[in-house]
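> Sequence:
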Amino acid sequence: MGYRDTYDCWRRDPTGFWMDAAGVVDWFEPPSVAFDPKAGVYGRWFPDAVCNTCHNALDRHVAEGRADQPALVYDSPVTAIVRSFTYAELLREVQAFALALRDLGVEAGDRVVIYMPMVPEAVVGMLACARIGAVHSVVFGGFAARELATRIDDAAPKVVLSASCGIELSRVVAYKPLLDEALTLARHRPHACVILGRERLKAELVPGRDHDWGALREKALAALAGGRESPCARLAATDPLYILYTSGTTGKPKGIVRDNGGHMVALRWTMEAIYGMAPGEVFWAASDVGWVVGHSYIVYGPLLHGCTSVLYEGKPVGTPDAGAFWSVIADHDVKVLFTAPTAIRAIRKEDSEGRQLPGYDLSGLRALFLAGERADPETVRWAERLLEVPVIDHWWQTETGCAVAANPLGLERLPVKHGSPAVPMPGYAIRILDGDGQPCGHGEMGSIVLEMPLPPGAAVTLWNADDRFRESYLASRPGYYDTADAGSLDEDGYVWVMGRTDDVINVAGHRLSTGLMEEVVSAHPAVAECAVIGCRDTLKGEVPCGLIVLKAGVSTDPGLVADEVVALVRERIGPVAALRRVVPVDRLPKTRSGKILRATIKRIADGEAYAAPATIEDPTVLVEIEGALASK
1440 MGYRDTYDCW RRDPTGFWMD AAGVVDWFEP PSVAFDPKAG VYGRWFPDAV CNTCHNALDR
1500 HVAEGRADQP ALVYDSPVTA IVRSFTYAEL LREVQAFALA LRDLGVEAGD RVVIYMPMVP
1560 EAVVGMLACA RIGAVHSVVF GGFAARELAT RIDDAAPKVV LSASCGIELS RVVAYKPLLD
1620 EALTLARHRP HACVILGRER LKAELVPGRD HDWGALREKA LAALAGGRES PCARLAATDP
1680 LYILYTSGTT GKPKGIVRDN GGHMVALRWT MEAIYGMAPG EVFWAASDVG WVVGHSYIVY
1740 GPLLHGCTSV LYEGKPVGTP DAGAFWSVIA DHDVKVLFTA PTAIRAIRKE DSEGRQLPGY
1800 DLSGLRALFL AGERADPETV RWAERLLEVP VIDHWWQTET GCAVAANPLG LERLPVKHGS
1860 PAVPMPGYAI RILDGDGQPC GHGEMGSIVL EMPLPPGAAV TLWNADDRFR ESYLASRPGY
1920 YDTADAGSLD EDGYVWVMGR TDDVINVAGH RLSTGLMEEV VSAHPAVAEC AVIGCRDTLK
1980 GEVPCGLIVL KAGVSTDPGL VADEVVALVR ERIGPVAALR RVVPVDRLPK TRSGKILRAT
2040 IKRIADGEAY AAPATIEDPT VLVEIEGALA SK
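Under the working numbering, the first residue of the sequence shown is numbered 1440, with each subsequent residue one higher.
No wet-lab data here; the hints were simulated from the structure. Everything numeric in this text was worked out from a predicted model, so none of it was measured. Please note that a few of the clues may not be correct.
What the hints assert, rightly or not - Computed Cβ-Cβ distance ranges for the label pairs, DEER-style:
#, residue 1, residue 2, range
1, A2048, P1917, 32 to 40 Å
2, D1507, A2048, 52 to 60 Å
3, E1468, R1909, 27 to 35 Å
4, G1666, A1547, 22 to 30 Å
5, P1964, Y2049, 28 to 36 Å
6, D1929, D1542, 53 to 61 Å
7, A1547, V2062, 42 to 50 Å
8, D1800, D1507, 22 to 30 Å
9, V2062, R2019, 23 to 31 Å
10, K1477, D1772, 42 to 50 Å
11, P1917, R1794, 52 to 60 Å
12, G1548, R1909, 18 to 26 Å
13, S1471, D1772, 39 to 47 Å
14, D1929, E1468, 43 to 51 Å
Unchecked claim - Derived DSSO-like pairs (lysine-lysine); straight-line CA-CA distance at most 27 Å:
#, residue 1, residue 2
15, K1658, K1641
16, K1856, K2034
17, K1990, K2034
18, K1754, K1641
19, K1597, K1691
20, K1658, K1597
21, K1641, K1597
22, K1856, K1990
23, K1990, K1754
24, K1691, K2034
25, K2034, K1754
Backbone N, C-alpha and C fix where the C-beta goes; we use that ideal spot for every residue, glycine too.
Based on the sequences and whatever the hints tell you, model everything.
Quick look at the structure:
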């Protein structure tokens, strides 16, 4: 079936649709019912099924003939290491580490915090937790000690897995001292820490608490060789698989809880229907295991579908150059690349003419998918021209775990509308509501909400905080999940996500989308990337302010480019846009996942006190932004 028939099938019979999708999962006890509306916060999927995620990601593929197929390819330009693990080899590593966790007292339901760089051991740790039924919580490697401490206190882990260091382009980040500091700040005390020593930096172990990863691994491998078994736990489909923390508006992080059964069903469906992947092919999500994309599409999605997944420890530029991504695609025969728009903008900034590309064979690449923040049309068009494959913007959130809206290449390649992530996926009925909760017409901007219940794979609650889940997502719009994004639906059913609700500014009574202005600004041929925020104004309430980063090699005076950008916005949107202030800067403040920190820029522009967010890639850029705004 094509997209429309598939989506209509779900609308007619949602539970039947997901029961059919569940048929590809290898259940220990299959579900007899799809959904229980009385369970949990808003209902639970596959409430009577018994399963194990690790079994579906590894054991079943080894048993079904994929033992010698690569499961995970580790490509690390920062260490010059490339290593491949077959399904059989990865299973053996996971079985061994599952034994090591059991020997440290970890049981089903216990939590394990994973604070590690992009190394194969991080994936092994996640899958080993899934194997024994422990609930893993991956914290992005290099997070500040205080942020790590808050997550340790909330999850209360029995064990923490970490490494001596992370290795980046120009520095080595010592993880172990950050972990030690976090454990002095945290109220909760884990029973043990397991530390992976890396060549660039050795770690000092705390006697009685810390264990060497390599020593535990060798001991467990010997036990496996001696006949000790490492079985998969039999878990309820509704048992939690992991907790993933997002920043909360109150300062307390929100622990998104994902279950086992619904998560498997959703990811298996998306790998084929959205990304068009077949078992045995190579899929690369150029993200980090600390983010939701890394959970869904570095670790679980590709392995559940029998694909080969690429684990990349590097950057889109600088490791060694703007051809880094093209090298990985060519070396490993990547069929689909999934990355953030900011990565493509970084490549475009450094190599706007695509001179790096001809040296690599990208003939096997079928598509580029973008998500994480809005993909501006100019960046999408540039990638289309350069790669000559479909470039698909799709929209989802940490809470949803996979795409809410997409162009589903596995079902049907729909017409592309630049600036739109296309159409709703099965499981999601998207509605646009105005400030009074009334439906908006086609093209009218409002709050994007989703009809309840959420589908399999979406967050089921917040860790130990059902009421907070209701208050954060369900209370403001009864019967709907509030995405906190703003946008519209057009007459063809395409959704236009223009930014967070907070990014819609009110200029003298006119509601304007900063995302739409960014779309115009980024169309200027000298602009590599930009951010538009609303600044306080005594007369109009708010006025837009733009920050622009020029492409490498642009010789035009930055002030002249800024004036041209102002004129371009006036021409394409009109005087109502009121964009008068455009500030050239060398770089924009971003999170480690590539999202531009617009709220922080706004606080700086308004002269308010601000703190560097825990997720920021480089805090020194904030001082640069403050100086640039003050001088303009």
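> Against each hint, give a clear statement of whether it holds in the structure.
Hints, one by one, checked against the model:
1. A2048 x P1917: 32 to 40 Å: About 36 Å separates the Cβ atoms of A2048 and P1917, which means 32 to 40 Å holds.
2. D1507 x A2048: 52 to 60 Å: holds (58 Å)
3. E1468 x R1909: 27 to 35 Å: Because 31 Å falls inside the window, the suggested range holds.
4. G1666 x A1547: 22 to 30 Å: holds (23 Å)
5. P1964 x Y2049: 28 to 36 Å: Holds - the Cβ-Cβ distance for P1964 and Y2049, about 33 Å, lies within 28 to 36 Å.
6. D1929 x D1542: 53 to 61 Å: For D1929 and D1542 the Cβ distance comes to about 57 Å; the hint holds.
7. A1547 x V2062: 42 to 50 Å: holds (48 Å)
8. D1800 x D1507: 22 to 30 Å: holds (25 Å)
9. V2062 x R2019: 23 to 31 Å: holds (25 Å)
10. K1477 x D1772: 42 to 50 Å: holds (48 Å)
11. P1917 x R1794: 52 to 60 Å: holds (55 Å)
12. G1548 x R1909: 18 to 26 Å: This hint holds: roughly 23 Å between Cβ atoms.
13. S1471 x D1772: 39 to 47 Å: At 42 Å between Cβs, range holds.
14. D1929 x E1468: 43 to 51 Å: holds (44 Å)
15. K1658 x K1641: Roughly 21 Å between the alpha carbons, so the hint for K1658 and K1641 holds.
16. K1856 x K2034: holds (22 Å)
17. K1990 x K2034: Holds, at roughly 19 Å.
18. K1754 x K1641: holds (24 Å)
19. K1597 x K1691: Distance of about 21 Å is within 27 Å: holds.
20. K1658 x K1597: holds (20 Å)
21. K1641 x K1597: Holds, at roughly 24 Å.
22. K1856 x K1990: Holds, at about 25 Å.
23. K1990 x K1754: holds (18 Å)
24. K1691 x K2034: holds (20 Å)
25. K2034 x K1754: Status holds; Cα separation ~15 Å.
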